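Student: Residues per chain are reported as follows:
Protein chains: 2
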Amino acid sequence: MTTYDGKPLDRAALDTLLRRRMFYAQAFDIYGGVSGLYDYGPPGCALQANIVDTWRKHFILEEDMLEVDCTMLTPHDVLKTSGHVDKFSDWMCKDPKTGEIFRADHLVEEVLEARLKGDKEARQLETGAPVAEAAKDAEGTEDKKKRKKKVKDIKVVKLDDAVVQEYEETLAKIDNFDGKDLGDIITKYEIKNPGTGGDLELPVAFNLMFGTSIGPSSNLPGYLRPETAQGQFLNFQKLLGFNNEKMPFASASIGKSFRNEISPRQGLLRVREFLMAEIEHFVDPENKSHPRFPEVADSVTLNFLPKEIQQAGKTDIIRKTIGEAVKEGMVDNETLGYFLARISLFLVKIGVDEKKIRFRQHMENEMAHYASDCWDAELQTSYGWIECVGCADRSAYDLSVHQNKTGQFLGVRETLKEPRTIEEWEVDLNKKILGPKFKKDAKAVEERLAQCSNQKEREQWAEEFKNGNSISVIVDGVGKLDIGSDLITVEKRKRTESIREYTPNVIEPSFGIGRILYSLMEHVFWSREEDVNRAVLSFPPTIAPTKVLLVPLSNNPAFVPLANSISAQIRKLGISSRVDASGATIGKRYSRNDELGTPFGITIDFQSIKDNTITLRERDTTKQVRGTIDEVLQSLKRLVDGVEEWEETMTKLPLFEGQEVEA
Amino acid sequence: MTTYDGKPLDRAALDTLLRRRMFYAQAFDIYGGVSGLYDYGPPGCALQANIVDTWRKHFILEEDMLEVDCTMLTPHDVLKTSGHVDKFSDWMCKDPKTGEIFRADHLVEEVLEARLKGDKEARQLETGAPVAEAAKDAEGTEDKKKRKKKVKDIKVVKLDDAVVQEYEETLAKIDNFDGKDLGDIITKYEIKNPGTGGDLELPVAFNLMFGTSIGPSSNLPGYLRPETAQGQFLNFQKLLGFNNEKMPFASASIGKSFRNEISPRQGLLRVREFLMAEIEHFVDPENKSHPRFPEVADSVTLNFLPKEIQQAGKTDIIRKTIGEAVKEGMVDNETLGYFLARISLFLVKIGVDEKKIRFRQHMENEMAHYASDCWDAELQTSYGWIECVGCADRSAYDLSVHQNKTGQFLGVRETLKEPRTIEEWEVDLNKKILGPKFKKDAKAVEERLAQCSNQKEREQWAEEFKNGNSISVIVDGVGKLDIGSDLITVEKRKRTESIREYTPNVIEPSFGIGRILYSLMEHVFWSREEDVNRAVLSFPPTIAPTKVLLVPLSNNPAFVPLANSISAQIRKLGISSRVDASGATIGKRYSRNDELGTPFGITIDFQSIKDNTITLRERDTTKQVRGTIDEVLQSLKRLVDGVEEWEETMTKLPLFEGQEVEA
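Protein sequences appear in the order of chains A and B.
If you're matching positions, the first sequence starts at 1 in full-length UniProt numbering and goes up one per residue.
If you're matching positions, the second sequence starts at 1 in full-length UniProt numbering and goes up one per residue.
Don't read these hints as lab results, they were simulated from the structure.
Computed from a predicted model, the values in this text were never measured in an experiment.
Where hints are given, some of them may not hold.
[Claimed, not checked] So the derived label-pair ranges between C-beta atoms look like this:
1. B:Glu-110 with A:Asn-365: 55 to 65 Å
2. B:Lys-494 with A:Asp-620: 51 to 61 Å
3. B:Val-560 with A:Glu-62: 55 to 65 Å
4. B:Gln-460 with A:Ala-558: 50 to 60 Å
5. A:Ala-12 with B:Arg-571: 42 to 52 Å
6. B:Arg-571 with A:Val-478: 51 to 61 Å
7. B:Thr-415 with A:Gly-33: 53 to 63 Å
Glycine included, C-beta positions come from ideal geometry on N, C-alpha and C.
Work out the full structure: start from the sequences and follow the hints.
Tutor: What follows is the structure, given as structure tokens:
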């Protein structure tokens with residue numbers, strides 16, 4: 001992993017900076033802290049607000065999306081229907097002796113990777129290469145301290161070639177395994193508690209939602225939402241009405257969601273409470289074209305990692321325009337493609353390194369229970385490639401399940417320009433016989449037979465009846481039943497429709513703001529050539545927590561009135577600034593603000609008092625220009641709004657090489 | 001309660017509008033809804049975002065506050081220490097037959113008020129006045145439907161004069177009662193389940209926090225935060241460091257908090273999940289002056305309702321400048337006064353009717369467990385005066401309790417310009433005797449004796465010892481103990497300090513954004529003179545959800561290119577707009593947007609295609625001016641930024657009285 005200027009990244013140094021400058025802090029740390037919970041301090045909070053603001057402009061304002069703000073508290077029934085109560089879980093293993101709990105897939109990864117490293121070292125020792133280098137190879141650019149610790153824990157034992165291959169295959173497919181698979185692996189490879197060597201219980205599912213109860217006397221069980229999407233789905237019919245019944249359209253929501261991680265690590269990348277920004281783009285399943293796709297088709301080139309390549313055990317990137325990718329069918333449709341391009345443009349706009357973005361397609365078994373296709377925007381960090389934006393095609397899953405559960409129509413009724421003739425297999429039920437025959441189960445049986453919109457199945461039924469057979473049907477909660485032609489009639493019929501009724505498909509770009517924020521910080525971090533301890537965070541001006549630092553040359557009271565006046569003028573321009581009138585050297589004060597990523601600095605010196613001129617300094621180049629207060633503030637405004645680049649400012653205002661002492 | 005233009009407010013009409021236009025919706029309504037939980041639709045969500053944005057500029061940016069974003073999930077220990085586990089509760093009564101649960105104070109209010117109304121009607125009947133009028137008097141401007149229902153439920157029974165007086169006194173003091181008091185009242189006045197007449201159990205405390213558990217296996221009990229404040233207190237030391245150890249300073253936080261209401265009613269005014277914006281201003285307890293107080297002292301006049309007036313059973317308003325109020329001591333100090341003034345300025349800026357704001361001081365027994373003084377900004381609504389902003393002096397309560405619990409210093413160490421001499425009573429413990437004497441209790445006894453910073457008490461102890469007596473001390477968990485002079489020595493000693501150590505006091509302005517948002521909607525709601533069904537929401541342009549509606553004269557395709565081009569230009573100016581190119585009449589389309597509170601409209605007609613001129617319409621006056629696209633967009637930008645008033649625009653651009661058909 002490399003820094004902003006292409007040097008090796010020292011993650012420990014970055015982390016120290018981020019905590020020292022209060023970008024973030026362990027929540028409740030004076031109480032010992034709670035893992036997976038973090039507070040954002042002033043620069044982190046401002047950075048987050050600026051990213052969200054840019055997101056809102058880039059997506060919601062630009063595309064006229066319908067923003068909603070739904071509650072986090074969600075009753076059990078909603079999340080039961082959505083599938084989260086049954087399927088939103090990870091597998092955990094308990095050590096019955098110590099009471100420790102491990103996330104099963106992470107444990108398998110950790111142990112097998114350690115064994116592979118031990119094997120690699122053993123092989124290196126045989127050939128005489130230094131051990132530390134071998135470990136470094138295996139772990140990439142991970143920080144030194146941690147590497148040393150890991151190396152110490154690893155047993156240097158050579159494995160059979162066949163075992164190495166088995167381990168590697170297991171690791172490549174780790175996201176595909178369910179609890180039983182993981183249990184088999186743990187047994188087969190004798191995976192134990194890494195701390196004590198003790199035996200572990202077999203994996204059990206742990207639901208990742210935080211439960212609570214709403215109202216007094218625990219009368220309504222509920223959860224904290226695991227995603228903002230459900231509120232948007234439940235309001236679909238109202239949103240469609242708000243949009244004057246016009247399709248397609250998108251809703252969007254920015255808010256916190258929750259995930260009760262089993263044992264969160266990796267700092268801001270795996271947390272229990274996180275800010276999400278989610279778009280639900282509702283689209284006609286028969287027409288997934290997008291009117292604005294031509295705007296991005298040829299101009300946006302992305303790094304793709306499609307599923308076929310991964311299934312072959314590789315990670316080679318295919319680089320092409322989104323236009324080509326959709327044309328070839330690698331990306332399924334224009335709407336999905338449009339959003340992948342817009343996601344990439346957004347990430348680059350906020351300062352993410354374009355070379356460290358890839359779009360990885362989910363493999364079949366890896367997909368969430370609701371998704372029919374999914375591409376993740378992954379950002380490269382010192383922890384590996386991290387999923388920061390998911391872009392899933394949730395098909396008609398959510399709207400359908402909620403409509404079925406509540407009986408409320410969640411779909412579109414479109415008046416057809418010309419009525420159309422439809423020929424379909426239809427089912428008539430003979431309720432007079434069904435009722436008495438199935439008694440209390442009759443309703444379930446009727447629903448099963450009537451609900452079915454699978455034309456293939458109905459055609460087969462008709463075929464069976466034609467051949468004088470009965471059909472065999474599985475009814476939920478009742479079991480397998482034989483249905484004869486006395487109970488139902490299946491016929492192919494023509495009908496004319498002037499209204500088309502359909503359930504929209506949903507394309508969902510879903511952003512984890514905290515993960516993006518952390519990855520961004522790795523991408524913009526670097527150190528001055530002359531001093532590795534002088535760190536800089538090169539945020540783009542629109543994203544930087546504070547835009548400008550106001551620095552009087554010294555704490556001489558003569559500077560106070562002018563500093564106050566300039567500060568007020570900057571505030572009036574809507575630009576966030578800070579004054580540092582401390583006694584520290586100018587160089588020290590600028591260094592401090594380089595660490596905060598403040599892109600500009602204004603120095604007030606004795607000359608300023610005489611002739612109203614001030615200097616403007618740019619963070620990355622440390623170059624300064626000088627002009628009247630008016631000239632400098634006008635340039636500053638344009639720089640912060642992103643309509644002027646520093647190179648341009650340098651041509652407008654004269655270079656200044658005076659007072660700054662970089663000490 | 002009156003509308004924006006001073007007519008009686010029809011709350012039902014407003015509520016219908018707000019739901020129809022999707023300002024808000026009952027959350028999970030397709031699942032039957034959950035009371036106390038609401039979703040904001042697109043206009044409500046945009047309105048909320050604009051209020052928050054204005055708040056951030058008015059407070060955080062203007063005062064260089066340190067914004068933080070802390071987690072909502074909070075471990076039990078933190079809220080135990082803060083007092084919320086023990087004291088953040090309401091009293092509830094259960095009907096053992098039906099299982100219904102009532103909030104005790106609300107039930108008492110409801111029943112006694114109904115009896116007083118019945119009495120009033122009985123008295124009116126005696127004198128011959130019409131009953132409906134009497135009910136109307138009693139209930140103010142409540143909406144008709146509800147009033148009728150209530151009147152039906154009320155038993156018209158005349159009460160003794162003494163009973164009327166008792167009821168009225170009880171209602172005036174309702175906020176002062178604890179569970180036992182409420183139980184006594186329920187018994188004494190024979191208050192039953194209003195629906196069934198059944199007996200109720202005595203009130204029991206119900207904690208209002210939502211509980212959950214963090215991590216697998218319920219290993220860490222926690223709650224959803226009831227306020228954003230605790231996160232700010234816990235980070236105090238880091239924030240002080242971030243502020244270069246300078247005092248005073250303020251932190252601020254905007255985020256959701258939670259309150260598990262027993263039986264929420266009153267729509268958006270009493271909800272279980274709500275957005276708060278809270279400031280914690282940390283100040284030296286010995287110096288509560290504020291450098292910017294002179295800016296507001298004479299220019300801001302407020303409506304005060306101090307506690308003395310309320311304790312006398314009255315609600316008369318005292319109107320004076322904040323300068324006078326602080327000078328007289330009605331408002332305790334400059335910092336508190338400064339914030340009251342700034343709160344008022346903020347509310348007026350977002351469109352709240354200044355005449356419908358009052359500042360009410362809490363009475364002694366009414367205050368939250370942490371507060372030493374509190375003024376609420378209350379807004380007048382059809383539900384009565386509603387607390388929308390609390391401005392509490394939390395003294396050193398929170399920092400002290402967390403410091404005591406964790407042993408981490410949460411205070412300020414100030415280097416004194418000149419060392420100072422302090423003379424204080426100090427206590428020395430004779431641990432050799434204490435230990436053996438109190439054994440397992442020794443630690444608690446030592447803590448009790450050493451912790452005490454009450455100089456008066458120590459002086460008394462010295463006095464007792466001087467007189468040859470022992471002293472009597474109550475030790476938590478141990479009981480009352482006699483301590484002789486063999487166990488401790490109490491002496492007055494002098495010492496010189498060059499560092500002063502103190503725990504800051506906290507002034508906390510705390511905003512309930514949802515309550516402000518709802519009250520604001522009542523304040524800006526009115527109907528056109530010519531048609532009561534043509535409702536308008538007169539939001540100020542900065543706050544309005546959408547700033548401008550773009551209306552092509554008809555859905556003639558000739559207008560499309562120009563509409564798209566103007567729409568893109570408006571977007572580039574950062575102004576939120578919507579296009580309505582539907583076939584409805586211009587009048588209908590404007591009416592729809594009057595209901596959404598859109599302040600401006602741009603009409604594109606056939607003239608526009610010829611000469612690039614368009615009209616600009618203002619919502620409240622429905623007046624239109626005409627100019628070139630450039631002229632109109634420049635005016636629009638200034639109007640939306642709040643630097644130009646409509647009157648001024650009318651002098652710049654010619655009046656247009658053409659195409660709009662108000663039908």
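Student: Which constraints among the numbered hints does this structure fail? Numbers only, ascending.
Tutor: Violated hints (numbers, rising): 3, 7; every other hint is consistent with the structure.
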